[in-house]
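Kindly produce the complete structure, drawing on both the sequences and the hints.
Chains Z and R, in that order, give the protein sequences.
Under the numbering used here, the residue at position 17 of the first sequence is numbered 17, and the numbers go up by one with no gaps.
Under the numbering used here, the residue at position 197 of the second sequence is numbered 197, and the numbers go up by one with no gaps.
Treat the hints with care, as some may be off.
Below 30 Å or equal to it, Euclidean Cα-Cα: the simulated DSSO-like pairs (lysine-lysine) are [as the list claims (entries may be wrong)]: (1) Z:Lys89 to Z:Lys107; (2) R:Lys310 to Z:Lys47; (3) Z:Lys197 to Z:Lys107; (4) R:Lys310 to R:Lys110; (5) Z:Lys47 to R:Lys2; (6) R:Lys340 to Z:Lys47; (7) R:Lys340 to R:Lys76; (8) Z:Lys4 to R:Lys96; (9) R:Lys76 to Z:Lys107.
Keep in mind that the hints were calculated from the coordinates and are not lab data.
Computed from a prediction, not measured in an experiment: that's the story for all the values here.
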Amino acid sequence: MQNKTFRNLFMLPYALWIIIFVIAPILLVVYFSFFDINGNFSLTNYKNFFTATYLQMTLNSFWYAFLITVISLLIAYPTAYILTRTKHKQLWLLLIIVPSWINLLLKAYAFIGIFGTHGAANRFLEWAGIGSRQLLFTDFSFVFVAVYIFIPFMILPIFNALDKLNPSLLYAASDLGASKWTTFRRVIFPLTLDGVKSGCQVVFIPALSLFMLTRLIAGNRVITLGTAIEQQFLVTQNWGMGATIAVFLIIIMVGFMALTSIRRRGV
Amino acid sequence: MKALNRLFLSILAVSIVLLIIINRLNAAQGFSGDNTLTVYNWGDYIDQDVIQQFEEETGITVIYETFDSNEAMMTKIEQGGTTYDIAVPSEYTIEKMAEEDLLYELDHDKIPNLQYIDDRFLNLPFDENNRYSIPYFWGTVGIIFNPELLPEGIEITGWHDLWDPRLENQILLVDGAREIIGMGLNTLGYSLNDTNPVHLYETLDHLEKLTPNIRAIVGDENKMLMVNNEAAVAVGWSGDAADIMGENEAMDYVVPEEGSNLWFDNFVIPKTAKNIDGAHEFINFMLDPEVSAQNTEYVSYSTPNKEALKYMPEEMVNDERFYPDAALTDKLEVYENLGKENLAFYNELFLQFKMYRK
Numbered sequence: 001m002q003n004k005t006f007r008n009l010f011m012l013p014y015a016l017w018i019i020i021f022v023i024a025p026i027l028l029v030v031y032f033s034f035f036d037i038n039g040n041f042s043l044t045n046y047k048n049f050f051t052a053t054y055l056q057m058t059l060n061s062f063w064y065a066f067l068i069t070v071i072s073l074l075i076a077y078p079t080a081y082i083l084t085r086t087k088h089k090q091l092w093l094l095l096i097i098v099p100s101w102i103n104l105l106l107k108a109y110a111f112i113g114i115f116g117t118h119g120a121a122n123r124f125l126e127w128a129g130i131g132s133r134q135l136l137f138t139d140f141s142f143v144f145v146a147v148y149i150f151i152p153f154m155i156l157p158i159f160n161a162l163d164k165l166n167p168s169l170l171y172a173a174s175d176l177g178a179s180k181w182t183t184f185r186r187v188i189f190p191l192t193l194d195g196v197k198s199g200c201q202v203v204f205i206p207a208l209s210l211f212m213l214t215r216l217i218a219g220n221r222v223i224t225l226g227t228a229i230e231q232q233f234l235v236t237q238n239w240g241m242g243a244t245i246a247v248f249l250i251i252i253m254v255g256f257m258a259l260t261s262i263r264r265r266g267v
Numbered sequence: 001m002k003a004l005n006r007l008f009l010s011i012l013a014v015s016i017v018l019l020i021i022i023n024r025l026n027a028a029q030g031f032s033g034d035n036t037l038t039v040y041n042w043g044d045y046i047d048q049d050v051i052q053q054f055e056e057e058t059g060i061t062v063i064y065e066t067f068d069s070n071e072a073m074m075t076k077i078e079q080g081g082t083t084y085d086i087a088v089p090s091e092y093t094i095e096k097m098a099e100e101d102l103l104y105e106l107d108h109d110k111i112p113n114l115q116y117i118d119d120r121f122l123n124l125p126f127d128e129n130n131r132y133s134i135p136y137f138w139g140t141v142g143i144i145f146n147p148e149l150l151p152e153g154i155e156i157t158g159w160h161d162l163w164d165p166r167l168e169n170q171i172l173l174v175d176g177a178r179e180i181i182g183m184g185l186n187t188l189g190y191s192l193n194d195t196n197p198v199h200l201y202e203t204l205d206h207l208e209k210l211t212p213n214i215r216a217i218v219g220d221e222n223k224m225l226m227v228n229n230e231a232a233v234a235v236g237w238s239g240d241a242a243d244i245m246g247e248n249e250a251m252d253y254v255v256p257e258e259g260s261n262l263w264f265d266n267f268v269i270p271k272t273a274k275n276i277d278g279a280h281e282f283i284n285f286m287l288d289p290e291v292s293a294q295n296t297e298y299v300s301y302s303t304p305n306k307e308a309l310k311y312m313p314e315e316m317v318n319d320e321r322f323y324p325d326a327a328l329t330d331k332l333e334v335y336e337n338l339g340k341e342n343l344a345f346y347n348e349l350f351l352q353f354k355m356y357r358k
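Here's what the structure looks like:
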């Protein structure tokens with residue numbers, strides 16, 4: 001009996017935390033989305049969202065987040081796989097994680113220098129005989145830098161899933177005559193799917209609302225919903241419209257979470 | 001369970017101790033006596049020597065804090081909880097702040113040095129009779145360019161030159177709706193305070209034709225990018241131009257002949273002020289011609305203080321790029337507060353412009 005009261009008491013801080021910092025903000029965002037710029041209750045913001053500009057922007061955000069997630073996955077999976085096979089895997093893992101301790105803005109500024117017309121990347125291209133070209137403020141550099149930033153978050157869950165994999169399953173597969181590719185396709189990949197899914201969630205969701213990189217690296221040639229929210233809140237001070245965009249962002253995120261957490265039967 | 005209880009209690013104890021320490025620290029930092037003055041200004045926008053002089057002369061300790069946008073500054077003052085005695089907003093923000101009753105009226109008797117300010121910069125529409133504000137620096141929006149990187153045969157004298165197809169992928173724009181829409185309106189011969197939707201849509205069409213020439217739309221990074229020879233041309237504020245020219249002598253700046261924006265940053269005393277007498281003293285001190293001259297040499301924006309010009313190097317005062325002649329000054333316009341709805345419309349158009357791709 002006493003135990004139960006105590007447990008409830010211990011739950012209190014967490015419950016409060018969730019209510020104040022998770023539930024209340026979301027409710028506030030939804031609430032604000034119903035007010036127009038003059039503070040009157042209306043649906044204008046939702047009407048505005050369904051115009052060409054914002055729909056195009058949603059599509060853009062979705063497309064870039066998708067690209068960033070897929071490329072991160074393609075690089076992260078083999079990396080994580082190789083990591084689990086190395087001798088000092090914790091050390092290698094640490095070395096991959098360390099760059100994520102550095103502030104994102106600092107990294108973005110560093111890339112402005114590297115990708116600049118007279119930066120290191122272009123000097124290398126010239127040396128290699130390819131000749132310098134514009135790297136900064138292109139779609140390429142935007143996706144490249146975003147992938148660079150998100151890759152540690154993709155590697156970690158996949159690495160954990162691969163590391164936990166019972167090696168006897170692999171021996172069994174090869175004993176039963178499975179080729180290496182079949183083992184990967186039928187045994188390794190399905191068993192690490194959960195790691196892949198959480199990796200995709202951790203990358204896709206923040207990628208959807210990236211905003212500083214769109215200005216610093218893409219020079220506002222890529223406009224995402226994150227940029228629009230920033231502008232609505234800070235410049236226009238139209239909190240209603242900013243909140244409305246945020247509501248749609250939340251809907252997309254919830255949809256993506258639901259999609260990636262469906263468990264297939266029999267796996 | 002016992003261990004858990006103990007852990008829980010010790011966390012509670014540590015939290016309480018931390019709370020007490022924070023309280024003590026807040027109290028120790030003062031914000032209490034008449035002897036401090038909190039100045040809230042743009043980053044790198046004052047000569048620190050001048051502050052020291054003020055402290056020595058008056059015995060008041062200055063706490064100096066900075067902001068990087070009018071909106072952020074205003075939000076912080078609106079929220080309260082701060083004790084800013086002086087803030088330095090731009091003109092359109094002063095109108096908004098006055099409307100929302102965030103400013104104290106100034107006592108002109110306590111600011112005798114006001115006499116040194118050029119009449120051209122007093123009693124302007126955003127603050128009639130200077131009830132709330134005193135101009136600190138002024139400047140223009142214009143074109144910064146690197147003659148060494150310009151394609152041959154191009155001479156830049158006005159906004160229309162930016163549309164030259166030879167400037168393909170060479171222009172950096174500043175990420176501001178008023179600045180860029182205003183540039184478009186001026187190019188077409190309209191006022192940069194125009195709110196007629198027909199004119200604004202025409203402007204958007206015209207701006208979209210500029211897209212092939214635009215390399216990027218950036219914020220304060222434009223200074224670094226220009227200094228690194230990342231682009232040949234940038235649209236920005238005269239103050240940024242002065243900074244860039246300080247780094248690279250070859251750079252040049254032009255106030256467009258079609259007209260442009262004339263902006264002011266101004267001293268105000270926000271309602272958060274605790275040391276109102278000290279704030280008046282500070283404003284008066286900053287208007288002293290010699291102090292103002294020294295400060296202007298450091299900041300390198302244009303000063304409205306006509307007496308200060310006498311103490312400044314001649315090549316600075318005679319530089320028409322920063323002190324344009326009367327004919328050009330007449331074409332410059334100050335931003336009016338267009339109201340929330342028009343401002344939202346400007347921003348919507350600007351967003352559409354940014355979305356437009358070649």
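Hints versus structure:
Distance restraint check for Z:Lys89 and Z:Lys107: the Cα-Cα separation of roughly 25 Å lies within the 30 Å cut-off, and the hinted pair is therefore satisfied. As the CA atoms of R:Lys310 and Z:Lys47 are separated by approximately 58 Å, the hinted pair breaks the 30 Å bound. The hinted pair formed by Z:Lys197 and Z:Lys107 meets the criterion: a straight-line CA distance of about 27 Å does not exceed 30 Å. Pair hint R:Lys310 plus R:Lys110 holds up; C-alpha atoms about 24 Å apart against a cutoff of 30 Å.
Simply put, Z:Lys47 and R:Lys2 have alpha-carbon atoms about 58 Å apart, too far for the 30 Å limit, and the pair is violated. At roughly 19 Å between alpha-carbon atoms, R:Lys340 and Z:Lys47 fall within 30 Å of each other, so this suggested pair holds. In summary, the hint linking R:Lys340 to R:Lys76 is supported, as the alpha carbons are separated by about 19 Å, within the 30 Å threshold. Distance hint between Z:Lys4 and R:Lys96 is unfulfilled; the C-alpha atoms sit about 56 Å from each other, more than 30 Å.
Between R:Lys76 and Z:Lys107 the CA atoms are separated by roughly 28 Å; this keeps the pair inside 30 Å, and the hint holds.
Of the numbered hints stated above, those contradicted by the structure are hints 2, 5, 8, listed in ascending order.
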